[in-house]
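This is what each chain is made of:
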Amino acid sequence: MTGRTIRVETLARVEGEGSLYIKMAGDRVADVKLKIYEPPRFFEAFLRGRHYSEAPDITARICGICPIAYQMSAIHAIERALGIRIDPATRLLRRLFYCGEWIESHTLHVYMLHAPDFLGFPDVIAMAGAHRGVVEKALRLKKIGNRIVTLLGGREIHPVSAAVGGFYKTPTKRQLRELVADIEWALQASLETVQWTAGLDFPAFEQDYEFVALRHPDEYPFNEGRLVSNRGLDIDVAAYEDHFAEHHVKHSNALHSVIEDRGSYLVGPLARFNLNFDKLPSVAQEAALQVKLKPPVRNPFRSIMVRAVELVFACAEALRVIGEYEPPPTPRVEAPQRAGTGQAITEAPRGILYHRYALDDQGLIVTAKIVPPTSQNQKRIEDDLRDYAARLVAWPQDEATWKCEQAIRNYDPCISCATHFLKLDVER
Amino acid sequence: MHIIGCGNPECGDDGAGLLVVERLRELGIEALGVTTRTCPGEATGLLSAWRSDDALIVVDAVVTGAPVGTVHRWDGIPPAASSPSASTHGLGVIQALRLAHVLGCVPRSLEVYGIEGKRFEPGSPPLPKVKAAAEDLAQQIRTTIQANHTP
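Those protein sequence lines, which keep their order, are chains P and B. With my numbering applied, the first sequence covers 1 to 428. With my numbering applied, the second sequence covers 1 to 151.
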């Protein structure tokens, strides 16, 4: 394998979202380049000159999987710029909204994108032939997440109901109660998912990560909290740009995020779990401990187990919210007309999502900045691959490539579907 | 009868399927007993949008190397090489249909139309030939459905 090159280029995604290049020199990895196509940069320019009220719906189009994350970060940042304080009931509804998205997104990734790697199938379609019941359960679970999102968002895909100050329309208690039986089933299915993922085989591979996630004094994080890490970071989210930097790298049109003076870091389920295990509800903690999953989890392949635990959390949290919900006096509070700048971070399924907006006194967006989780993990993925690929020198080319793609999918990046259809060129 | 249009409206020709469905709505297709849906993202949610005894038409952008604006038609699920999979991460509608096939819930009648695209960059509008193809296809679908419609 001396001098071997692993080169992976996208085929199915015509716009070419991601590609992977690994250069081996003997048993050493000489170079790793992961290129990720990054639509948020276009949206930052697209938002300039638009009224802030359009930002939630425009940013929701950035991602078909996590539109709520984009809406929530946009809304919280704009509310911060305008000094808006939302009703506690609205806050609860936003947590429920996020529960729906996490159920959809984590189910999709655990069962349909990541599990085929562990079970030796090229995709979920092949997997369904041998594991029909598993896939049918996943589809039902995902559909329950869709139901929550549809009720609160007004429609199934690219929801439109979330607004600065609240929602355009809020549900009744009865509407939420109608979800309970489904979510109770989903909670049981999620507990089974934890057990199921624990039965998969994981390579012995651990990394010394700096984990970065939100942390809230009372709850597992969705929309609020300070930004913390396992190496002493503890800041208000407004100070994000003082501690994190983006660097241009020649091989990618996406920017590499780093913590100033320290380098790459990891966001997403592993970071949340390791930094907030004590904030998980007991049902989720117990589910994790039953399968011997406890912080710190440093094996990125075990992220599939952590996502399953977060499914348990999302279902339990959804039931809690529905039990406590009283409709707010008004669907949304009125926004003052003033200039201002606001920042927000929320926990998208695949990690922290940073938004910053500067508004003029007419409510028009002067500048927008969006840093998605996949961009933040990009350098960390390369660091993983640098170590992991070195262990694959003795593997046949096709298996080594698959293993590298699986390592990328640990992060549930926005290139997941592309990496399922990659072609490999070998240079010796 | 259900008609589903797929694609991202912000990514040029990728929105071709959405253009067809939007035009069909303007042409009053739903008054003929047809339900329409658009799918700009991950598609497994659509598996519950039809029953196995339904008739379904899917319209999506494709890249096969044919001239831009070419309209392709398949009875049943297209072969793998024809699938654009131009959705965001997750499964595109063609993959969702293949999954439905494995799970035994493919609609009894399935027609898939693909409009050949070329420009998919975010922020770019659809090419004129793609827009024209979407208009022609919408008219053709409506005419066919109306001819078979019994009030």
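If you're looking for bench data, these hints aren't it; they were derived computationally from the structure. One thing to keep in mind: the hints can contain errors.
As the list claims (entries may be wrong) - Calculated cross-link-like contacts (lysine to any residue; reagent style SDA-like; alpha-carbon spacing at most 25 Å): (1) Lys369/P <-> Leu233/P; (2) Lys137/P <-> Lys118/B; (3) Lys129/B <-> Ser48/B; (4) Lys143/P <-> Lys131/B; (5) Lys118/B <-> Ala45/P; (6) Lys137/P <-> Leu103/B; (7) Lys118/B <-> Phe43/P; (8) Lys118/B <-> Lys369/P; (9) Lys131/B <-> Phe43/P; (10) Lys23/P <-> Ala394/P; (11) Lys33/P <-> His248/P.
As the list claims (entries may be wrong) - If you anchor each label on the Cβ, the simulated ranges turn out as follows: (12) Phe121/P <-> Ser48/B: 21 to 29 Å; (13) Pro79/B <-> Trp395/P: 41 to 49 Å; (14) Pro296/P <-> Arg108/B: 51 to 59 Å.
Even for Gly, the Cβ is constructed at its ideal location relative to N, Cα and C.
Each hint, compared with the structure:
1. This hinted pair checks out: Lys369/P and Leu233/P have alpha carbons roughly 22 Å apart, not beyond 25 Å.
2. A threshold of 25 Å between alpha carbons decides the hint, and for Lys137/P with Lys118/B the separation of about 38 Å lies outside it, so the pair is violated.
3. Taking the CA atoms of Lys129/B and Ser48/B, the gap is about 33 Å. The hint is violated against a cut of 25 Å.
4. At most 25 Å may separate the alpha-carbon atoms for a hinted pair to count; Lys143/P and Lys131/B exceed this at roughly 33 Å.
5. For the suggested pair Lys118/B and Ala45/P, the alpha carbons sit about 23 Å apart, so the restraint of at most 25 Å is met.
6. Between Lys137/P and Leu103/B the alpha-carbon distance is near 12 Å, which keeps this suggested pair within the 25 Å criterion.
7. Distance check on the hinted pair: Lys118/B and Phe43/P sit about 21 Å apart at the alpha-carbon level, within 25 Å; holds.
8. Only pairs whose Cα atoms come within 25 Å are accepted, and Lys118/B paired with Lys369/P is rejected, the gap being roughly 29 Å.
9. Restraint check: the Cα-Cα separation between Lys131/B and Phe43/P comes to about 23 Å, which is no more than 25 Å; the hinted pair holds.
10. Of the pairs offered as hints, the one joining Lys23/P and Ala394/P holds, with about 15 Å between alpha carbons and a cut-off of 25 Å not exceeded.
11. For the suggested pair Lys33/P and His248/P, the alpha carbons sit about 13 Å apart, so the restraint of at most 25 Å is met.
12. Distance hint check: the CB atoms of Phe121/P and Ser48/B are about 23 Å apart, consistent with the given range 21 to 29 Å.
13. Look at Pro79/B against Trp395/P: about 31 Å separates their beta carbons, and that is not inside 41 to 49 Å.
14. Between Pro296/P and Arg108/B the beta carbons are some 53 Å apart, a value that agrees with the proposed interval 51 to 59 Å.
Of the numbered hints listed earlier, those contradicted by the structure are 2, 3, 4, 8, 13.
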